[in-house]
Amino acid sequence: MAEPDSGTVLTARGITKRFTGALALDDVTFELKRGEVHVLLGENGAGKSTLVKVLAGVHTPDEGELTVNGRPVRITSPHRAAALGIAVIHQELTLVPELSVAENLFLGRLPRRFGVVDRARMLRDAVPLLDRVGLRVDPARPVRELGIAQQQMIEIARALDLNTSVLVLDEPTAVLTETETDRLLEIMAGLRDQGVGLVFITHHLEEIRRVADRITVLRDGRSVAMLPAGASVQHMIEQMVGRSIEEQYPRRAGEPGEVLLRVDGLTREGAFRDVSFEVRAGEVVGVAGLVGAGRTEVVRAAFGVDRYDSGTVEVGGKRLRPGDVRAAMRAGLGLVPEDRKGQGLVLTSSVGENLGLVTMRSATRAGFVDRRGQRRRAGEMASALRVKTSGLDQTVRELSGGNQQKVVIGKWLLADPRVLVLDEPTRGVDVGAKVEIYELINRMTAAGRAVLLVSSDLPEVIGMSDRIVVMAHGRVAGELPARGATQDRVMALAVQERAVEEMSA
Amino acid sequence: MTTATARRGPDWRRHASENGALVALIALVVVLAVLRPTFLTTQNLLNVGVQAAVVAVLAFGSTFVIVSSGIDLSVGSVAALSAMVGAWSSAEAGLPGPVALLLGLATGVVAGLVNGVLVAHGKLPAFIATLAMLSVARGLTLVVSQGSPVATPDAITFLGSNLTPHLPLPLIVMLVVFGLTALILNRTYAGRSMYVIGGNEEAARLSGINVKNQKLVVYALSGLFAAVAGMMLAGRLGSAGPQAAVGYELDAIAAVVIGGASLSGGVGRAFGTLVGALILAVLRNGLNQLQVNPFWQQVVIGVVIALAVLVDTLRRRSSR
Chain A
8 MAEPDSGTVL TARGITKRFT GALALDDVTF ELKRGEVHVL LGENGAGKST LVKVLAGVHT
68 PDEGELTVNG RPVRITSPHR AAALGIAVIH QELTLVPELS VAENLFLGRL PRRFGVVDRA
128 RMLRDAVPLL DRVGLRVDPA RPVRELGIAQ QQMIEIARAL DLNTSVLVLD EPTAVLTETE
188 TDRLLEIMAG LRDQGVGLVF ITHHLEEIRR VADRITVLRD GRSVAMLPAG ASVQHMIEQM
248 VGRSIEEQYP RRAGEPGEVL LRVDGLTREG AFRDVSFEVR AGEVVGVAGL VGAGRTEVVR
308 AAFGVDRYDS GTVEVGGKRL RPGDVRAAMR AGLGLVPEDR KGQGLVLTSS VGENLGLVTM
368 RSATRAGFVD RRGQRRRAGE MASALRVKTS GLDQTVRELS GGNQQKVVIG KWLLADPRVL
428 VLDEPTRGVD VGAKVEIYEL INRMTAAGRA VLLVSSDLPE VIGMSDRIVV MAHGRVAGEL
488 PARGATQDRV MALAVQERAV EEMSA
Chain B
21 MTTATARRGP DWRRHASENG ALVALIALVV VLAVLRPTFL TTQNLLNVGV QAAVVAVLAF
81 GSTFVIVSSG IDLSVGSVAA LSAMVGAWSS AEAGLPGPVA LLLGLATGVV AGLVNGVLVA
141 HGKLPAFIAT LAMLSVARGL TLVVSQGSPV ATPDAITFLG SNLTPHLPLP LIVMLVVFGL
201 TALILNRTYA GRSMYVIGGN EEAARLSGIN VKNQKLVVYA LSGLFAAVAG MMLAGRLGSA
261 GPQAAVGYEL DAIAAVVIGG ASLSGGVGRA FGTLVGALIL AVLRNGLNQL QVNPFWQQVV
321 IGVVIALAVL VDTLRRRSSR
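So the protein lines, in turn, are chains A and B.
Take the first sequence: its letters are residues 8 to 512, numbered as in the numbering used here.
Take the second sequence: its letters are residues 21 to 340, numbered as in the numbering used here.
Looking at chain B on its own, in the form it has when it is part of the complex (with noise of 0.2 Å):
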């Protein structure tokens, strides 16, 4: 092996081969733009960024908890949980907007610390902890709204709204917890212990990371990006559904692996979460666009998350 040379290729093929799923993306949108013209129009693109932004945000929670190398199966039922809690407290419990959308969020936090609880110091698998939490939340939802929908309050319905006819509010919202996520994963001191604790959770301990607590945050954060998607879910569509956000969080797994990151942990990030994410809503889109059976569909969605993955490892291989 020789020391430091320049040892990469032209620039644009290092990124090309580093955001596989980007180039993806691209080639999707060129594929339906030429096979239906309508595909560009200013609101079917609006179209699809609202439809994904809601995945999306569970997406970014998932990829602190996947880049620790652990699993959240809860976050569909958490975010109808405190969607549920936010609608409830304002309809039922009469209180104010404001404080029941900061209810709906804390009930996310709590789900999530819980989770946490369980994963760090409980030593569940986080599959079984979090599967659990996907039936208790679930459960908790039919309960609090006795199976019937629940209007939601003008605070929480303001995040599924338009602020002009071309700014869809959750698209606003995507790109700031788009943000916010690449800055945590970045920059601060949790984010980095995240890649510590999924490349070596031994290593981390004994370099002086506090693993439990830091796992304590991931799932917190991955709680509260629930709730924000299930607020944002449920004001789009109004009200609090009980059976709302099912399967989401398979969803959600699939962004983040379609967005290059690894399920043994310590590799991922935010950027390409938000790429995986637009990935399922183009395709989704497209393939209602098309016109294309809506059995089909999900057997089309299928394969291409498998493709994606095949061609990410396949690719890793080569390169080592």
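Chain A with its partners taken away, still in its complex shape (with noise of 0.2 Å):
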């Protein structure tokens, strides 16, 4: 890499860290200049996360050297990042809910007069602080409620000050909707345009199209190469997973067969109504749909979850008995929840006794669990989902976002449900590991079990069902092949429910 010119901010060179024999990153190497978007490209588990965290001084790396406007510096501690002018946002808000704005954004250094806060100057402070980011909001209003979108904006506009040369944000847009990214990016480029240095991870290769200066790939811990904005998404594909990725939708369809899963009629009050849809063997039925259009609330109350106020769900003939998980799973539903971590997943445990969650009470004779047996099949399914892990041992909250999901679908394969739920499968996870799931999900529909796929993500529900079942404001807005099918013409039934009902009325 070129010698730092003035227009350098920061540079790291030869970064490695090793986490209990582990190499996190290897002779890494990177730059970030004035005024740049700089993206950082690569899989789950690549290192990305420890970059950031070493940038942030979380992590104090091993070996290397770390400069910033050309000094070298020790990033100890995320107190001394912030003292050299790095700004920080983590995956995870880290904002006070029950506070106000104002008072969020100026956590830690409150204005005090007489050792009283000072609630005015705090108030009219906010205000210059949320126009750098673009946001009107009443600064006395609890943050709670306001939306995930704002709510990162304030956390953007907390951690700019004057000083501020370098903000990383690590995969911002993974919890916000299009119109809510289009924002952000807007953002973004509003603060390079101000001279500030960004460093932006992100899995959509289009935000990159749209905002990136220069990439840097990161694999395996290393930095192995360094695009131009304009690089080609099947050159940043192969640069990050080493090999080129023939199909991004590998679905093959077979011909459908019984009836698997059929719901009714399904009706909650406020959250959805009249939901009816079948789902076959053999056969991936998508749900698409806008945020808030009740996908979600609808497959965790088929799967006994949440409540529902009438309707029936039934697997493979059966009605199952409402609010009843075991039931559910016992007729041989299985749900993937969209929140990995808050729902999926024990963190305090090991990858294999989360692999074993499922299926813990079939291998428990008298009260005793069998541990061996249980490990064993662990074993099998962590080496067929090529999770990336040192052990079935390792505790599962050291593992990367997409070897993560791979736990939590294979826990729910070893129970070889009839129909498996998946809510946002891919969501924050790598194309490789992406391709990875579609290829679980052909293999279980080619074996006579069937999938139903809810998700954001429109080219995947239409890439890899066979067909697309449309919500919206918690009815089913229209039904679909995915032969065929359009992004347009999903969306044109997802935002179109009012004039349906205007009309039925």
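For the record, the hints were derived by calculation from the structure and aren't laboratory data.
With a Cα cut of at most 25 Å, we get these calculated BS3-like pairs of lysine-lysine:
no.: 1; chain 1: A; residue 1: Lys348; chain 2: B; residue 2: Lys143
no.: 2; chain 1: A; residue 1: Lys348; chain 2: B; residue 2: Lys232
no.: 3; chain 1: B; residue 1: Lys143; chain 2: B; residue 2: Lys232
Join the two chains into one complex using the hints; note that each chain is given alone, in its own frame.
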């Protein structure tokens, strides 16, 4: 890499970081200029988050050299990072929901007068900070009343202050809708024009095309390439995965068989109304719709997690008792929930334990769990799914997002459900692991099982489903075959519900 | 991150870092043995064991609760109530000793089940539900006893006796209950579920674990173990006292936490708890042997609890 010139704000050279023997970063080189958006691209587990944590002062590197504005530095704590002008937005938001916008902005440095918080000044000072990220909200409002996108803007506003020269954003768009993402990308462009250097992590190649100036690709903890903004998607994927991926959506449909899952007239006041659909053996049915259309609510109710007011759910012709997860499981239904960490994994437990969660009951004889058998099956599943781990005893918390998702899916595959519901199975998962998950879907349906695929990723729903059910405002707005479906047609259904309601009224 | 590699250091180092409490216990014993040669006599070590036994048995019950991310503040009171019911059934109601013993155990289970119902079905925070039970059980103990100690029947006194001069039964009970706890935690469905519920209750539910029922099991076990501890204590003294085991719940929790369990759930082992209880007993015994002022002993024990958890937290942080 070139010698740092006056435009360089941050460099990292030969950064190496080991965790209990595993090499997380291996001789990584990275350079950030003033007024550029520099994307860090790589699969889950490639070392992006570790590099971010090194810059944020959360981890100190074992080897290597960091400079800020040409001076060598040691970033020993988050506090030190902030003092050096490095602001980091982590994946998880760190706001206090009960406090006001202004209080969150000044958390830890509330303006005080005679030892008492100066509320008037705090509210006044909040306005320019909010302006900088283009957010128009009342600074006195509690943060919990705001949407996730607005909360993220507040997080950014808080991180920025006058001497911030580096802003690191770790997958900020993963939780945002399309319009919210647009807004964020605009703000990023604005900050770039103000001379801030931005480090941006995202899995959406489309966003990279729109905003990136340069791209550094990480693979297996190494910085393998630096690409210019115009690099082709194909080239980026090749660099990231280390091989070329033939097909992004390798769906192989077969002849659908008998109906395995029938949802009929499912209704819960205020959440969803009169939802009906069928899933046949060997079929993948996609459920598309805007965020808040009620998709997750419907599948959770069908699986017995939440109650519903009326309607029925049948699996293999047998009606399920409402609100009974175990009855749904016995009938052959499985659910991979949307929120991996919150609902899918036991982060304090090992990979092996997590893989055995669903089958633990059936592996129990007279109260005793057959742990040897559980472990053997977990081992087989881990290698079948190619989970990247140092062993079954590794804590699942230490795995990357994509590998964690494989564990959640794996625990269900071990139970061999007849119908598996996947709710946003590839969110925050890298390209390579995505294709592996798609192959799993193919294998399930080839074996006569069925998959209900809930996803906000339209190309994914269209590419991997056989039929698509589109939901809007808690209702089924329409159903269409995936073959020949376009994003426009699905979107048209997803937003048209009001008109339908008016016509039928 | 690389794929499968041997990534840990030598075995003894791993064991030392995983069993920080054990290292501390050994260090404590060595120091005391050097300062007071009488510490290592058989008689004194047996004393330490007997002193540890009651707290250890309470703490094994608390291990289930803490692993599943709950807390049980009532174990001291439940221990006293169970022993009192056992003693009263024999001395006042005239029931045969073994029946009285079983009634005592049943009392513990019922108290635990009430805790469990309040927590699992009533959605009360465990802290509040068991705080209420702490008060109710202590009050019932006073009601039953009318405020005076009640003599224990032979069946209960036996629990506190010595089989031979060098074989106190409480020591054996402690080891048996330890084995049982390890077996439950490591091998049974109920035990494995405790780790899952403590680690992530929602994931447990979505994986088909009946969280409510499993919580009932957890608190019932805690109540049962409290009853065993209570009767062991009463048996040792020959009578069940209305003020027996006051404050023991805190020693039990301290033992579990010193043993490496996390109050946020999902982590904890039977062996750790055993070591934790032994550390508390060795420390008390050692401070007595060194003739440290009893008022200062409390200060020392408090400092040790804080240090144990602090060291553990720092070690975990540096290994991540």
